[in-house]
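Undergrad: Here is what each chain is made of, one letter per residue.
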Amino acid sequence: MNGVPLVAYLALGLFMFTTGVVGVVIRRNPIVIFMCIELMLNAVNLTFLAFARYQYTKLPVGDLQQQSSMMAGQMMVIFVMAVAAAEVAVGLGIIMAIFRLRQNIDIDEMNLLRG
Amino acid sequence: MNQSLGGVTITPNLLLFGALGGAAAMAAVGVVAFNNAVRSALCLVLNFFLLAIVYFTLNAEMMGITQVVVYTGAIMVLFLFVIMLLNLGAPQLLRDREDPKRWLGLLLGFALFAIVAGQIFPSLLSHTNIGAVDGYGSPQAIGRTLFTQYVLPFEAVSILLLIGIVGSILLAKRRI
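Each protein sequence line maps, in turn, to chains F and A. Position 104 of the first sequence, counted from 1, bears residue number 104 in this note's numbering, the numbering being contiguous throughout. Position 131 of the second sequence, counted from 1, bears residue number 131 in this note's numbering, the numbering being contiguous throughout.
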């Protein structure tokens, strides 16, 4: 889509990331906190893709180095998605285990690791 | 239609992006603002779907398809499934109490946005030229790069996913 500046995409990504940070700080439900972490990961993905498209390059077309720099952002997005999937599976498993143990998942009352 | 606003030309594409991005931003706010976990999850589904369309506008078609399949398809179903299993649909179970942490968090968010935006945006404000060539987001290009230059990280990620599967089974099972 031509005519859209890079800053517009970056602003959307930054807004989503900030919303995720605020959600992690103020919410008490661990599942919603997980959703906010997903929001932050997606904001980073959007930033990666925006920079991948609007990158500043002066290398000639067809150059191998230019090709690899052009694809690097999308490769990072693929790996971030895979790590996010693994993180969600394990994290929700932990939440299930804690809920089975205590019947209460209020994040402010979890102080098992405080010692 | 070509008016200039602060150095940025207003085009129909920019208006379209504004609509998409505004809806995605409102959905993101909804994730945090709703007290009900199911409503938060549905807002997150909407946000991910709009984000996939934004990826399409960035010519990253393969990433947009992957976003729909992986996030809105798999991860959000997992979230809704856990919410259903824990029966968190009832909002009175975990109502967010009024405390100073909420205003502190909002203040922190505004400060973070202002600091990062103030540092990054002024220097990139006039950057509109597109460096990527056509077809850089096609499945062919991604597959060729993923299985030649990035084959070692790809294998590492496959091991990570395997460990994730085993770990979630271990955590979810009552007794091995």
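Simulated from the structure, these hints should not be mistaken for lab results. Careful, some of the hints might be misleading.
Rough simulated footprint, nothing fancy, chain A against chain F, three-plus residues with beta-carbon under 8 Å [claimed, not checked]:
(1) 3-16
(2) 25-38
(3) 42-53
(4) 74-80
(5) 88-102
Calculated pairs, SDA-like style, for lysine to any residue (alpha carbon to alpha carbon, straight line, at most 25 Å) [said to hold, decoys possible]:
(6) A:LYS173 - F:ASN104
(7) A:LYS173 - A:PRO153
(8) A:LYS173 - F:LEU14
(9) A:LYS173 - F:PHE15
(10) A:LYS101 - F:VAL83
(11) A:LYS101 - F:GLY3
(12) A:LYS173 - F:VAL83
(13) A:LYS173 - F:MET96
(14) A:LYS173 - F:ALA86
(15) A:LYS173 - F:ILE107
(16) A:LYS101 - F:ARG28
(17) A:LYS101 - F:MET76
(18) A:LYS101 - F:ASP108
(19) A:LYS101 - F:LEU113
(20) A:LYS173 - F:VAL90
(21) A:LYS101 - F:GLU109
(22) A:LYS173 - F:ASN111
(23) A:LYS101 - F:LEU14
(24) A:LYS173 - F:PHE99
(25) A:LYS173 - F:ARG100
(26) A:LYS173 - F:MET40
(27) A:LYS173 - F:GLY91
(28) A:LYS173 - A:PHE81
(29) A:LYS173 - F:MET110
(30) A:LYS101 - A:LEU160
(31) A:LYS101 - F:ILE105
(32) A:LYS101 - F:ASN104
(33) A:LYS101 - F:ASP106
(34) A:LYS101 - F:ALA86
(35) A:LYS101 - F:MET40
On the chain F side, residues computed to face chain A include the following (Cβ under 8 Å) [to be verified]:
(36) THR19
(37) VAL21
(38) MET70
(39) MET71
(40) ALA85
Backbone N, C-alpha and C define an ideal beta-carbon position, used for all residues, glycine too.
Undergrad: Take the hints in turn and mark each one as holding or not.
TA: Evaluated hints:
For the stretch 3-16 of chain F, the stated coverage by chain A is satisfied: 13 residues place a CB nearer than 8 Å to a CB of that chain, which reaches the threshold of 3. A count of 11 residues in the stretch 25-38 of chain F with a Cβ less than 8 Å from any Cβ of chain A is obtained; the coverage claim is therefore met, three being the minimum. Given a C-beta distance limit of less than 8 Å, the hint that chain A covers the stretch 42-53 of chain F holds, as 7 residues qualify and 3 suffice. For the stretch 74-80 of chain F, the proposed coverage by chain A is satisfied: 5 residues have a C-beta within less than 8 Å of a C-beta in that chain, meeting the threshold of three.
Judged by the Cβ-Cβ criterion of 8 Å, the stretch 88-102 of chain F is covered by chain A as claimed, because 11 of its residues qualify and three suffice. For the proposed pair LYS173 of chain A and ASN104 of chain F, the alpha carbon gap of about 19 Å is at most 25 Å, so the pair holds. As the CA atoms of LYS173 of chain A and PRO153 of chain A are separated by approximately 30 Å, the hinted pair breaks the 25 Å bound. Straight-line distance between C-alpha atoms of LYS173 of chain A and LEU14 of chain F comes to about 39 Å, which puts the hinted pair past the 25 Å bound.
The hinted pair formed by LYS173 of chain A and PHE15 of chain F fails the criterion: a straight-line CA distance of about 38 Å is larger than 25 Å. Proximity of LYS101 of chain A to VAL83 of chain F is assessed by CA-CA distance (about 30 Å); at most 25 Å being required, the pair is judged violated. Taking the CA atoms of LYS101 of chain A and GLY3 of chain F, the gap is about 41 Å. The hint is violated against a cut of 25 Å. The hinted pair formed by LYS173 of chain A and VAL83 of chain F meets the criterion: a straight-line CA distance of about 22 Å does not exceed 25 Å.
Between the alpha carbons of LYS173 of chain A and MET96 of chain F the distance comes to roughly 10 Å, so the proposed pair stays at or under 25 Å and holds. For the suggested pair LYS173 of chain A and ALA86 of chain F, the alpha carbons sit about 17 Å apart, so the restraint of at most 25 Å is met. With a C-alpha separation of about 22 Å, the suggested pairing of LYS173 of chain A with ILE107 of chain F holds against the 25 Å cut-off. The suggested pairing of LYS101 of chain A with ARG28 of chain F holds, with an alpha-carbon distance near 11 Å, which does not exceed 25 Å.
Taking the CA atoms of LYS101 of chain A and MET76 of chain F, the gap is near 34 Å; set against the 25 Å cutoff, the hint is violated. Of the supplied pair hints, the one linking LYS101 of chain A and ASP108 of chain F holds, its CA atoms being roughly 12 Å apart against a limit of 25 Å. Restraint check for LYS101 of chain A and LEU113 of chain F: satisfied, since their Cα atoms lie roughly 22 Å apart, inside the 25 Å limit. Between LYS173 of chain A and VAL90 of chain F the CA atoms are separated by roughly 12 Å; this keeps the pair inside 25 Å, and the hint holds.
A distance of roughly 15 Å separates the Cα atoms of LYS101 of chain A and GLU109 of chain F; the hinted pair therefore holds under the 25 Å criterion. For the given pair, LYS173 of chain A sits about 23 Å from ASN111 of chain F by alpha-carbon distance, which is consistent with the 25 Å threshold. A distance of roughly 22 Å separates the Cα atoms of LYS101 of chain A and LEU14 of chain F; the hinted pair therefore holds under the 25 Å criterion. In summary, the hint linking LYS173 of chain A to PHE99 of chain F is supported, as the alpha carbons are separated by about 13 Å, within the 25 Å threshold.
For the given pair, LYS173 of chain A sits about 11 Å from ARG100 of chain F by alpha-carbon distance, which is consistent with the 25 Å threshold. A C-alpha spacing of about 30 Å is found between LYS173 of chain A and MET40 of chain F, which places the hinted pair above 25 Å, so the restraint is violated. A hinted pair counts as satisfied when its Cα atoms are at most 25 Å apart, and LYS173 of chain A with GLY91 of chain F qualifies at roughly 14 Å. Distance restraint check for LYS173 of chain A and PHE81 of chain A: the Cα-Cα separation of roughly 16 Å lies within the 25 Å cut-off, and the hinted pair is therefore satisfied.
For a cut-off of 25 Å, the pair hint linking LYS173 of chain A to MET110 of chain F stands: about 21 Å separates their Cα positions. Annotation: proposed proximity of LYS101 of chain A to LEU160 of chain A is violated, straight-line Cα distance about 35 Å (limit 25 Å). For the given pair, LYS101 of chain A sits about 19 Å from ILE105 of chain F by alpha-carbon distance, which is consistent with the 25 Å threshold. For the suggested pair LYS101 of chain A and ASN104 of chain F, the alpha carbons sit about 21 Å apart, so the restraint of at most 25 Å is met.
A distance of roughly 15 Å separates the Cα atoms of LYS101 of chain A and ASP106 of chain F; the hinted pair therefore holds under the 25 Å criterion. Restraint check: the Cα-Cα separation between LYS101 of chain A and ALA86 of chain F comes to about 30 Å, which exceeds 25 Å; the hinted pair is violated. The hinted pair formed by LYS101 of chain A and MET40 of chain F meets the criterion: a straight-line CA distance of about 20 Å does not exceed 25 Å. At about 5 Å, the closest approach between the beta carbon of THR19 of chain F and any beta carbon in chain A falls short of 8 Å, and the interface hint on this residue holds.
Interface restraint check for VAL21 of chain F: the shortest CB-CB distance to chain A comes to about 6 Å, inside 8 Å, so the restraint holds. The interface hint given for MET70 of chain F holds, since its Cβ lies 5 Å from the closest Cβ of chain A, which is under the 8 Å cut-off. For MET71 of chain F, the interface hint holds, since its Cβ comes within 8 Å of a Cβ in chain A; the closest pair sits about 4 Å apart. For ALA85 of chain F, the shortest C-beta to C-beta distance to chain A is roughly 6 Å, which falls under 8 Å, so the interface hint holds.
Of the numbered hints stated above, those contradicted by the structure are hints 7, 8, 9, 10, 11, 17, 26, 30, 34, listed in ascending order.
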